[in-house]
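**Q** Sequence:
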Amino acid sequence: MAEKKQSDLRRLLSYMRPYKGLLALAFLFLVGATVTEMMGPFLIKQFLDEHLVPRNFDQSALVTLFVVYIVAHLLKVLFTYLDLLYFQNIAFKIVQDMRVEVYEHVQKLSLSFFDRTPIGTLVSRITNDTEAIKDFYVSVLSTFVKNIVFLVGILVAMFLLNVKLALFSLVLIPIMFAIMVLYRRKSAAFYLEVRNQLSVLNAKLNESIQGMNIVQVFRQEKRMRKEFEEVNNKHYSAGRRTLKLDALLLRPATDLVHIVAIALVLGLFGIDALKSPVEVGVLYAFVNYIHRFFQPVNEMMMKLSFFQQALVSSSRVFHLMDEKDLAPVQKGDGNPQVINGDIEFKNVTFSYDGKRDVLKNVSFHVKQGQTVAFVGHTGSGKSTIMNLLLRFYNIKSGNIVIDGVELEKFEEQEIRKKIGLVLQDAFLFAGNVKQNIRMYNEEITDEEVKEAAQFVQANTFIEKLPEQYETEVVERGAAFSSGQRQLIAFARTIATNPKVLVLDEATANIDTETEDAIQTALQQMRKGRTTIAIAHRLSTIQDADQIFVMHDGEIVERGTHQELLSEQGLYYNMYLLQNKGSLQKAL
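Every letter in the sequence shown is one number past the one before it in UniProt numbering, and letter 282, counting from 1, is 282.
Be aware that a few hints might be false.
[What the hints assert, rightly or not] DSS-like mimics (lysine-lysine), calculated; alpha carbons at most 30 Å apart, straight line: (1) K434 <-> K324; (2) K93 <-> K108; (3) K396 <-> K108; (4) K434 <-> K346; (5) K20 <-> K134; (6) K450 <-> K360; (7) K434 <-> K108; (8) K324 <-> K346; (9) K76 <-> K108; (10) K244 <-> K204; (11) K450 <-> K434; (12) K360 <-> K434; (13) K355 <-> K434; (14) K418 <-> K93; (15) K226 <-> K134; (16) K450 <-> K396; (17) K409 <-> K396; (18) K204 <-> K108; (19) K527 <-> K367; (20) K324 <-> K204; (21) K417 <-> K346.
[As the list claims (entries may be wrong)] DEER-style ranges, computed between Cβ atoms: (22) S481 <-> S110: 56 to 64 Å; (23) Q368 <-> K108: 27 to 35 Å; (24) Q578 <-> Y352: 23 to 31 Å.
Worth flagging that the hints you see were computed from the coordinates, not collected in a lab. The beta carbon of each residue, even a glycine, is placed where N, CA and C say it ideally should be.
Please construct the entire structure, taking both the sequences and the accompanying hints into account.
**A** Structure (structure tokens):
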């Protein structure tokens, strides 16, 4: 565990390497601030011992002393401002770099990782945990560096004043170090529990907000509130344990050592005074330095909680960054292109969890320009076909071929560009309508955006909007109806001019009038394109060149609509269930 923490700490510090020049400059300002800070008590000691006590009021010397004192303090203010400015700027840059790195890595992870990881946990790591790491750079690291330099300056000043008392003061360092080590050992588990409970809290909150309509419809407010309170109480309890530890080992412990140190210094001065006269200026300066010695010590002790939180958070963030479950990538050299859209599955077997196969030796061939449909009951494996074709997951066995080339040999961008996807629940991003159709691809012109919208008849409602294509889209497109969102999604797909269309229940959420308009558009969209439709409503795929009926991960029937009806198998029964009139006629 200790080695893991040291490794995380070294990894945190490694993010400072690109900013060596700025760090060196910040360190110079820090040294300047420390030197000018140390000059204050020393100059007052000079005034006491050389002017006030001996009653030597040389005006020229006093003016010089006064000017030096004022200049030293002004320089201290300037150097402190500059070192703080540079350290904080470096800290924000480092955390900015880390967040981008984490986000880029998350984008490379496979969908199977997202299947098993709550969204709230990921959000907590990318936001809350990186924020705690920011505190490490902004508050902890800069404070520790500044105060260590400050402590070295104080010890040097002490040795210049009184070697014996300075040697005594060195004993304070291992005492304070022991308190820090004890705190770190005791607090590690507490702060890990706090962070874990915060992730659970975020996950519960995310679930509640996303499912708020279901919560309200089924009157689950009390149950959800109770569950939220339980999670919140666990987070509160974990936080209280850290507060108790902080209250015991941070400021109170250092204050006790501080008081004992002052008492011993005064005692030693008293003993020396019995033997020989003691300089008042030395006594003042030394006591002042003792006070100043504990000022940075107290600051560092108070920052230990931030330090511990940062170590725990960094461990969680690095664990995410080290996640090896990456999305499938291209295998082999070359840059094959999807030209025709000829698709073939050869004995494909696949499992999401590695235990239960959701596809079992599935084989089919879709020729260029054909329209095929997959039907079957929920859980039969229809949508899995789509996920594998888009290479969201690696197959367990078998092969998927496009235009005679194995799927794994294509670049990811080629697959995404040439295969257009429309899902049942269309996802719209914050921005405007035009950006959602274009998907921020500047190669698609405004005219092409409008043509795509007109092609699927989305222009009929877009042009009635106050700002038309510039109309702002709120989160997930909540201001639009499900049918309108789906029309925008259709336009988005058409704008990319794909070779293959994949429609996953694309008309399931659309009213009859809108569906009629889309079916007309689909007839044009499918011309010259290979189309794979996944459907529950059999009425939408009756004109498909081939229909595959799936059951328990296998293709159990295949043929045209009329051929499957004549077989009076699973497809026939599904059709009768969806068409009551036909059922009565059959009876």
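**Q** Starting from the hint list further up, note which numbers the structure goes against and sort them upward.
**A** Of the numbered hints given earlier, those the structure breaks are 1, 4, 6, 9, 12, 13, 14, 15, 16 and 22, listed in rising order.
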